[in-house]
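Engineer: Chain residues, written in single-letter form:
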Amino acid sequence: MEFPDDLKYSREHEWVLVEGKVATVGITAFAEEQLGDVVFVELPAVGDKVTKDEAMGVVESVKAVSDVYAPVSGTVTEVNDDLPENTELVNEDCYGDGWMVKIELSDPTDLDELMTAAEYETFVQEQQE
Amino acid sequence: MSRTPLYDAHRALGARMVDFAGWDMPVQYQGIIDEHTAVRTRAGLFDVSHMGEIELRGAGALDACQRATANDVRRLRDGSAQYSLLLHPEGGIVDDIIVHRLTAERVMICVNASNRAADFAYLREHATGADVVDVSDATALLALQGPRATAILARCTALPLAEIPRFAFAEGAVAGRAALVAHTGYTGEDGWELYTAAADARALWDALLATGEADGISPAGLGARDTLRLEAALPLYGHELGLDTSPYEARLGWVVQPAKGDFVGRAALLAAKARGPRRQLVGIELVDPGVPRAEYRVLRDGQAVGVLTSGTKSPTLGKGVALGYVDPAASAVGTALAVEIRGRAAAARVVPLPFYRHGGS
Numbered sequence: 141m142e143f144p145d146d147l148k149y150s151r152e153h154e155w156v157l158v159e160g161k162v163a164t165v166g167i168t169a170f171a172e173e174q175l176g177d178v179v180f181v182e183l184p185a186v187g188d189k190v191t192k193d194e195a196m197g198v199v200e201s202v203k204a205v206s207d208v209y210a211p212v213s214g215t216v217t218e219v220n221d222d223l224p225e226n227t228e229l230v231n232e233d234c235y236g237d238g239w240m241v242k243i244e245l246s247d248p249t250d251l252d253e254l255m256t257a258a259e260y261e262t263f264v265q266e267q268q269e
Numbered sequence: 007m008s009r010t011p012l013y014d015a016h017r018a019l020g021a022r023m024v025d026f027a028g029w030d031m032p033v034q035y036q037g038i039i040d041e042h043t044a045v046r047t048r049a050g051l052f053d054v055s056h057m058g059e060i061e062l063r064g065a066g067a068l069d070a071c072q073r074a075t076a077n078d079v080r081r082l083r084d085g086s087a088q089y090s091l092l093l094h095p096e097g098g099i100v101d102d103i104i105v106h107r108l109t110a111e112r113v114m115i116c117v118n119a120s121n122r123a124a125d126f127a128y129l130r131e132h133a134t135g136a137d138v139v140d141v142s143d144a145t146a147l148l149a150l151q152g153p154r155a156t157a158i159l160a161r162c163t164a165l166p167l168a169e170i171p172r173f174a175f176a177e178g179a180v181a182g183r184a185a186l187v188a189h190t191g192y193t194g195e196d197g198w199e200l201y202t203a204a205a206d207a208r209a210l211w212d213a214l215l216a217t218g219e220a221d222g223i224s225p226a227g228l229g230a231r232d233t234l235r236l237e238a239a240l241p242l243y244g245h246e247l248g249l250d251t252s253p254y255e256a257r258l259g260w261v262v263q264p265a266k267g268d269f270v271g272r273a274a275l276l277a278a279k280a281r282g283p284r285r286q287l288v289g290i291e292l293v294d295p296g297v298p299r300a301e302y303r304v305l306r307d308g309q310a311v312g313v314l315t316s317g318t319k320s321p322t323l324g325k326g327v328a329l330g331y332v333d334p335a336a337s338a339v340g341t342a343l344a345v346e347i348r349g350r351a352a353a354a355r356v357v358p359l360p361f362y363r364h365g366g367s
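Keeping their order, the protein sequence lines are chains A and B.
When you line the first sequence up against the numbering used here, it's residues 141 to 269, in that order.
When you line the second sequence up against the numbering used here, it's residues 7 to 367, in that order.
To be clear, the hints were calculated from the coordinates, so they are not data collected in a lab.
Treat each hint with caution, since some may be false.
[What the hints assert, rightly or not] Simulated pairs of lysine-lysine, DSS-like, Cα-Cα distance not exceeding 30 Å:
#1 A:Lys203 to B:Lys325
#2 B:Lys325 to A:Lys242
#3 A:Lys161 to A:Lys242
#4 A:Lys203 to A:Lys161
#5 B:Lys279 to B:Lys266
Just so we're clear, the structure is a prediction, and the values are computed from it rather than from any experiment.
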């Protein structure tokens with residue numbers, strides 16, 4: 141399972157790519173593999189305010205319903221409009237075409253609480269034990 | 007947790023295992039949708055050895071079966087099988103089963119894993135005059151399903167498969183192992199179910215996968231089994247069926263044969279029929295995007311009129327489909343309904359069943 145080094149990770153299994161004041165967010169390879177085939181994705185709308193650690197969307201697989209949590213607080217500036225019609229992108233390319241939203245950070249210190257790739261990998265191993 | 011004789015095979019194939027009725031079972035191998043598609047277009051092989059097999063033996067076997075089950079056993083000859091029900095004396099459903107007549111003195115009943123102990127106790131109580139023997143632990147069950155299933159099986163056996171109609175079976179060697187080969191299944195696709203000795207299960211499993219490789223066979227888990235049976239509108243005990251369910255409400259009126267004479271639950275059944283259904287099992291298709299799921303409420307004009315018992319996004323149809331019980335007044339095909347998903351009403355409608363029929367409908 142791959143956890144790219146240039147991303148940060150939340151305890152709810154979202155990844156975050158930081159570029160200036162904007163965070164791109166998706167779910168990790170661990171999350172999509174646990175879910176199995178994703179068949180439904182519900183995302184916030186552009187302009188929505190999201191709050192760190194609160195649900196901002198839903199991802200459903202054949203067997204499970206799971207909330208997507210905002211790993212940082214801020215305003216949604218962009219959403220992946222391809223995703224609702226092409227939910228398999230979450231499984232096929234979770235760090236690329238399967239991205240979910242871009243959030244303009246309201247408090248950059250939110251990033252300090254996220255894990256590095258190495259820390260997240262350890263976190264995931266502990267979850268599986 | 008209990009393990010089937012194929013547990014090691016599942017682990018070797020990288021299956022994800024889950025607890026199902028106390029059994030450590032494969033829910034998926036490479037993925038539910040891939041496995042579902044394999045069964046619809048090619049072939050899939052399922053391990054369903056968790057299911058129970060209970061035999062009625064002795065000169066009184068058929069009479070005992072006639073009294074304990076709701077379908078008419080007189081329709082069976084040696085080598086034929088029927089879908090049937092065990093009814094509670096008050097009319098609810100104890101289990102849905104398949105009755106196989108091996109001989110006039112030996113009947114094998116395939117039962118749900120979750121009900122095995124209850125069914126055994128039920129048959130001990132009601133199938134009087136026969137020896138009731140639980141052979142589940144000695145028996146493995148493999149389901150080979152899909153449009154290529156017959157061609158694959160034919161390469162493994164000399165049994166005349168073309169002469170075995172649906173709901174009939176024959177006994178013979180498959181890949182050198184003794185098996186009862188039944189033309190039955192739970193996927194809505196053509197296929198076979200193979201009962202074999204637990205000790206022979208692994209050899210049979212490996213042989214079928216190897217033989218079917220050129221046909222694109224895939225091992226298939228309980229996840230795909232559930233989406234396949236739901237598209238085919240086949241009921242699942244604990245979801246569509248239960249002790250509080252009448253066969254008439256569950257669209258199983260064709261199974262029960264009150265005219266055959268007395269059997270357990272007959273009086274309650276006749277009373278239920280006279281009273282009319284309090285609710286009706288229907289097929290519901292989402293018009294809006296979303297995934298309907300068991301226990302979601304069904305609304306009509308904002309009022310609750312029922313509840314879903316099973317639901318999924320149909321891999322074959324690409325839309326949300328569900329089974330559920332609704333008020334009879336809201337059960338006509340075409341009725342506009344809504345399904346409450348996370349507090350929102352998703353538009354839906356009653357559609358004819360099954361959602362999917364092999365070869366088109």
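Engineer: Confirm or reject each hint.
Structural biologist: Hints, one by one, checked against the model:
1. A threshold of 30 Å between alpha carbons decides the hint, and for Lys203 of chain A with Lys325 of chain B the separation of about 15 Å falls inside it, so the pair holds.
2. Restraint check for Lys325 of chain B and Lys242 of chain A: satisfied, since their Cα atoms lie roughly 28 Å apart, inside the 30 Å limit.
3. Distance check on the hinted pair: Lys161 of chain A and Lys242 of chain A sit about 10 Å apart at the alpha-carbon level, within 30 Å; holds.
4. At most 30 Å may separate the alpha-carbon atoms for a hinted pair to count; Lys203 of chain A and Lys161 of chain A exceed this at roughly 36 Å.
5. Proximity of Lys279 of chain B to Lys266 of chain B is assessed by CA-CA distance (about 16 Å); at most 30 Å being required, the pair is judged to hold.
Comparing the model with each earlier hint shows a violation of hint 4 alone; every other hint is respected.
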